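Asker: Here is how the chains run, residue by residue.
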Amino acid sequence: MNVPTMASLFAEGKQPEVLFWVGCAGSFDDRAKKITKAFVKILNQAKVSFAVLGTEESCTGDPAKRAGNEFLFQMQAMTNIEVMNGYEVKKVVTTCPHCFNTLKNEYPGLGGNYEVVHHTTFLKQLLEEGKISMEGGSYRGKRITFHDPCYLGRANGIFEAPRELIQKLDAELVEMKSCKKRGLCCGAGGAQMFKEPEEGKKDVNIERTEQALETQPEIIAAACPFCNTMMTDGVKNKEKEASIKVLDVAELIADAEDL
Amino acid sequence: MYLIFFMITYIPNIVFAIFLALGIGYFTKNVKKLIRNIRLGKEADVHGDKGQRWKNMSRIALGQTKMVVRPIAGLMHIIVYLGFVIINIEVLEIIIDGLLGTHRIFAFMGGFYDFLIGSFEILALLVIIAVVVFWIRRNMIKLQRFIKPEMQGWPKKDGNLILYIELVLMLLFLTMNATDYQLQQMGAEHYSKAGSFPVSQFIAPLFDGMSQGTLIVVERSAWWLHILGILFFLNYLYFSKHLHILLAFPNTFYGKLKPNGQFSNVEAVTNEVKLMLDPSADPFAATTEDDEEPGKFGASDVMDLNWVQLLNAYTCTECGRCTSECPANQTGKKLSPRKIMMDTRDRLEEVGKNMDANGGTFEPDGKQLLDDYISREELWACTTCNACVEACPVSIDPLSIILEMRRFLVMEQSAAPSELNNMMGNLENNGAPWPFNQMDRLNWAQEA
Ligand code: HEM
Ligand code: SF4
Ligand code: SF4
Numbered sequence: 104m105n106v107p108t109m110a111s112l113f114a115e116g117k118q119p120e121v122l123f124w125v126g127c128a129g130s131f132d133d134r135a136k137k138i139t140k141a142f143v144k145i146l147n148q149a150k151v152s153f154a155v156l157g158t159e160e161s162c163t164g165d166p167a168k169r170a171g172n173e174f175l176f177q178m179q180a181m182t183n184i185e186v187m188n189g190y191e192v193k194k195v196v197t198t199c200p201h202c203f204n205t206l207k208n209e210y211p212g213l214g215g216n217y218e219v220v221h222h223t224t225f226l227k228q229l230l231e232e233g234k235i236s237m238e239g240g241s242y243r244g245k246r247i248t249f250h251d252p253c254y255l256g257r258a259n260g261i262f263e264a265p266r267e268l269i270q271k272l273d274a275e276l277v278e279m280k281s282c283k284k285r286g287l288c289c290g291a292g293g294a295q296m297f298k299e300p301e302e303g304k305k306d307v308n309i310e311r312t313e314q315a316l317e318t319q320p321e322i323i324a325a326a327c328p329f330c331n332t333m334m335t336d337g338v339k340n341k342e343k344e345a346s347i348k349v350l351d352v353a354e355l356i357a358d359a360e361d362l
Numbered sequence: 003m004y005l006i007f008f009m010i011t012y013i014p015n016i017v018f019a020i021f022l023a024l025g026i027g028y029f030t031k032n033v034k035k036l037i038r039n040i041r042l043g044k045e046a047d048v049h050g051d052k053g054q055r056w057k058n059m060s061r062i063a064l065g066q067t068k069m070v071v072r073p074i075a076g077l078m079h080i081i082v083y084l085g086f087v088i089i090n091i092e093v094l095e096i097i098i099d100g101l102l103g104t105h106r107i108f109a110f111m112g113g114f115y116d117f118l119i120g121s122f123e124i125l126a127l128l129v130i131i132a133v134v135v136f137w138i139r140r141n142m143i144k145l146q147r148f149i150k151p152e153m154q155g156w157p158k159k160d161g162n163l164i165l166y167i168e169l170v171l172m173l174l175f176l177t178m179n180a181t182d183y184q185l186q187q188m189g190a191e192h193y194s195k196a197g198s199f200p201v202s203q204f205i206a207p208l209f210d211g212m213s214q215g216t217l218i219v220v221e222r223s224a225w226w227l228h229i230l231g232i233l234f235f236l237n238y239l240y241f242s243k244h245l246h247i248l249l250a251f252p253n254t255f256y257g258k259l260k261p262n263g264q265f266s267n268v269e270a271v272t273n274e275v276k277l278m279l280d281p282s283a284d285p286f287a288a289t290t291e292d293d294e295e296p297g298k299f300g301a302s303d304v305m306d307l308n309w310v311q312l313l314n315a316y317t318c319t320e321c322g323r324c325t326s327e328c329p330a331n332q333t334g335k336k337l338s339p340r341k342i343m344m345d346t347r348d349r350l351e352e353v354g355k356n357m358d359a360n361g362g363t364f365e366p367d368g369k370q371l372l373d374d375y376i377s378r379e380e381l382w383a384c385t386t387c388n389a390c391v392e393a394c395p396v397s398i399d400p401l402s403i404i405l406e407m408r409r410f411l412v413m414e415q416s417a418a419p420s421e422l423n424n425m426m427g428n429l430e431n432n433g434a435p436w437p438f439n440q441m442d443r444l445n446w447a448q449e450a
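If you read the protein sequences in the order shown, they are chains A and B. Residues in the first sequence are numbered consecutively from 104, following this note's numbering. Residues in the second sequence are numbered consecutively from 3, following this note's numbering.
Chain B extracted, bound-state conformation (with noise of 0.2 Å):
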């Protein structure tokens, strides 16, 4: 009898208690597997300053320093994100709520909390106004970068997704405050005085008139419908490029700390260099260290890049200021390094689906990023100019990508360009990639 009562009684905070844990628990399972994927990446060279790593993260990620480089979407995205993660702060009080079956725990806090709930719904209405901005960015002046064929399908449903999403959260996050606000001015049970509604109390008037019954059951619909969406938008941050969220800070951590223009040397080609240059050394002095497989020059696959160019490729915003910084995407090439990183992220999630569908072990599915997602032709019209490097805001190296996979090409499979070809033979055989002898090197100084 009590056990009945009891479980009635509780049934909200139950049913929340279970809807928190089901949230919680599968984007955990997600995040597990985020973390798998990233580590089937190769050892990445992280050493360095740490000093500087979390200088650079609380600068780039914290303080949004590269997003600003375009002052309107760099403002507009200031304010989502700050709004974000402070609104964030009242869902603290939405999950304590939820689970004792209080209501606005936190009231106590008085002026303070009045305060906070005030520029809660201010915040809110910004993030409203400027999720308004991104979408007539994307969908009515319809910007260069956010029309490119990589954003064609899932990538362009994502982005107004995303945006739809934020902005029903916000709109809800008002209701809910609206109708409190009604119940509070009735002075219905349960709903004691607290917060500040600058915003909501405009919404309010739409509340006019209804009974106590009907605006308790807006006021907790909105409620449910607010921390459910929440709890919705966790779990769909693996499935979007909203996954910067979070990895914008790691990212921005382990990002490259040397000049942009020093390109890594190959430790394994550096041994066996050595041996070439000089027949004396002992051949077993550089092998010793790793004996595992002999290993691959270069990548043809994301399990050849490394763990930090897989972190980048969950990273990327899709933003395309990347793309539209890239001269030979800014000429017609078919390279966009934003598809780059895109490539490498739908590979990945295809070899994570392999794993996970053959018990853990990838098994062989007779593709592979290059050629299959990623052409010859677009990694041979990168000039490695950087510029991509540069316009990332955070932090993402689309180069390093290139580059590693230019090196599958032409050490694994002297697969280069012909042309290329006949500079590297020129190279080899007269010190400049031109047919010139060496030895007429400083014919120069005889001209006049």
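Next up, chain A with everything else stripped away, as it sits in the complex (with noise of 0.2 Å):
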């Protein structure tokens, strides 16, 4: 695995296309790490010049700011702006649609203007171009529906380009009785990931896990790390951890390729 750094390439007086942000549950959570792995995998396979952070990325405010801590948000975002703005950073690809929401859309206000894509967006171009190939493979057939994160889909409109990623591992994709725009939340955004939710009759995750298992599936594909956290309690909380896997699209691709 290849992984330049921002400041590695700065120092020999080069710059990548993209910066890969990795995010803070990319960079610590063990199972969101799985995704970051399989993600640079593919941009190494696909030869994509970009490069991360590294220690120098901070989180970029999303859960302080939906906490409602404005300050911290704004330290936060100001702080990452800098760092990038030294850079000249004009490309960001993330596996995090928190982190996807705030740079692409709380960012500019605050100085930092970059073109930022989600991963599955980003991985639908190098489709496009040739760059990889997914000739389906183990996912031939099998079963796999999308859960809507609701950072990507509902409050940035990207609907598509997972779900096409999806369809051509040749896999059988079935939807949710609520999908797309009016999918249900995984429990996790809003900073709830970091608190026990408040009192009720039963938690959100477990829910939409409960809508995935009528559509009687073999993989539960996500986008996002937190709401991977999220439905991979929920399936174990079913006991179906056996025979169902909740994977990333990024994973679903990097197994295809088997990289």
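Check before you lean on any hint, since a few could be wrong.
[Unchecked claim] Listed next, the in silico BS3-like pairs over lysine-lysine satisfying Cα-Cα at most 27 Å (straight line): (1) B:Lys276 with A:Lys193; (2) A:Lys304 with B:Lys158; (3) B:Lys57 with A:Lys280; (4) A:Lys284 with B:Lys336; (5) A:Lys284 with B:Lys258; (6) A:Lys304 with B:Lys144; (7) A:Lys284 with B:Lys68; (8) A:Lys283 with B:Lys336; (9) A:Lys283 with B:Lys276; (10) B:Lys336 with A:Lys298; (11) B:Lys150 with A:Lys305; (12) B:Lys336 with A:Lys305; (13) A:Lys304 with B:Lys150; (14) B:Lys68 with A:Lys280; (15) A:Lys305 with B:Lys144; (16) B:Lys57 with A:Lys305; (17) A:Lys304 with B:Lys336; (18) B:Lys260 with A:Lys193; (19) B:Lys276 with A:Lys194; (20) A:Lys280 with B:Lys144; (21) B:Lys158 with A:Lys283; (22) B:Lys68 with B:Lys57; (23) B:Lys150 with A:Lys194; (24) A:Lys280 with B:Lys150; (25) A:Lys341 with B:Lys336; (26) B:Lys150 with A:Lys284; (27) B:Lys52 with A:Lys284; (28) A:Lys284 with B:Lys260; (29) A:Lys284 with B:Lys57.
[Said to hold, decoys possible] Residues from chain A that face chain B, not an exhaustive set, calculated with beta carbons under 7 Å: (30) Cys127; (31) Ala149; (32) Pro166; (33) Tyr217; (34) Glu231; (35) Lys305.
Bear in mind the hints are in silico, worked out from the structure with no lab data behind them. Note that the structure is a prediction, hence the values are computed from the model and not measured. Glycine is no exception: its CB is placed at the ideal position from the N, C-alpha and C atoms.
Two independent chains are provided; combine them into the complex using the hints.
Answerer: In structure tokens form, the structure reads like this:
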């Protein structure tokens, strides 16, 4: 795995085409790190010129902002913007829809103007440019249901890129009863990830997992590290982890390509 | 002598003019109040593509595009909406007739007039059907979204009252036409043949055998009750979720244009953060522009919200589409985005009444939107998923109010749940919501 940092490339006087924004989950969470690595393998395979910020990256501030702490958010944002502008970053790709949304929509107002793409859109472009090929392989005919991350779908209108990728695997894409614009949240957004839920009948991730199980999938595909955690927990709660996997779209592709 | 004669002949016209003036006068008074209350809100960012705004208004409000996401309710509503708007063309004639003492003054349009009256009648019948379906949905099928806790009491009554009013208005309209039709057949003086009555001709037999005098009384009563009903309805709007029939238009016009996921950046914070990060910045440069009071962060009461959010509150139809899509509500949490909107409106009304009672200024009443109306438990249950925003057929954004109130809790009161305080502490110290060291951020690259 080849993971150049912005700092090392800069020292060599080089500038990558795209910055891969890894995000906190992608950097620290054991499950999410697998997604990060799968994505890097694809980038390596496709010979994409990229780099990461590494230890110079810091949380985008999304959970602070959604929790109401605008100060902390803007502190984070301005610090990150200073770093990125220092490296003259033009394009950013990220595997986290929360980072994606924040970088794309909320950073420009604070002086951070970049072309920001989510990794599913990026992968779709690589495919269209012929830089990666996906010949289905182990996923041919598998029943896969896709869970729309709120911050990718409803928040930013990206519904098709992940679905097209799944279909390219020759898999059988099955939709849950609430999907796309009406997709149900996994329960992690708005900083809920970091706290116990309020009192209720049920946890949101269980409700969503039940919807997913209704489609009788072999795989639940996600495109967000937080959704991934929530759905994985949901599947465990239902004691289905032996028969149903929760995988990121990047992992599906890396697997299919046998990377 | 002449004056008395004049008075007697014109009594109906004068009475009509008085009712009309009273009806419109009281309505105008309430509209002024409405505008005043909405203006209590802070400035809102409503810049951006005007063309897009017009487009949104014509698509979402005029074109009802988001209503039909729920096909039955959507279709029924389109009937009521179109029916109401179109039948009200007839009200113009009724007002002129009432003021001038004429009868069906537009009858000179001949065939076209017949066509108009005919279509109004068919629409009236459709509206009756739709209203009955609405009533059944509310009272017999008991759809989930109509029986949530926030719908108890007045909101429930209001929902049904509107349906009764619409029903009665339509029935009066048809009765008026049916008796008119009978009178026309009889060749009664003043009732010249005009209009076509595809629906009311079937009601007309009910009045067979009545004398001309009785028929005239019935016809006149229906005519009067119908127009008085409309004036009542007009004035009922302000006190009802039915205000949406007017406010849906400005509300969709001023709806959010940015991507749903984009939350506003607080400018006052930007200025302070810039100062903190760059000590050499001129501390006065940022403050000269708005040297009003330092302002508080977030919202604890309605005056802290912006005027679009307050307009949202008055526009809410209490349909509960937001609540039925809300993940928190679906899983039994207290949060209901509809309740957020209803609470905001109720509190705003309370503030408005307070101002009325105190000569136009608000006297602190020891209450506020936070805690007295909206609990912290509700606010913290939100996943910011935007399902409510997406679901709202009139472009209301309950999430923006939730966020504004969280901002108050966190930035003014440091009153976040303790786990969130931990998360934010980590974020501040390590640049991640978990207690990991920023220096370890690239360790994954070394792991297999
Ligand atoms: C000007 C004429 C209008 C009339 C007479 C009218 C009438 C009604 C009535 C009677 C209801 C209650 C239905 C029930 O009992 O569930 C209702 C609900 C509603 N109306 Fe209107 N309306 C008008 C305009 C509009 C406009 C322009 C919009 C914008 C899209 C709108 C959006 C709604 C919504 C969202 C509901 C909630 C009911 C549901 O979920 O289906 N209305 N309206
Ligand atoms: S944004 Fe909050 S209030 Fe709206 S639907 Fe999602 S969880 Fe419910
Ligand atoms: S906010 Fe919108 S969706 Fe929710 S009840 Fe009001 S009108 Fe209906």
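Asker: Looking at the structure, which of the earlier hints fail to hold?
Answerer: 3, 9, 16, 21, 23, 31, 33 and 34
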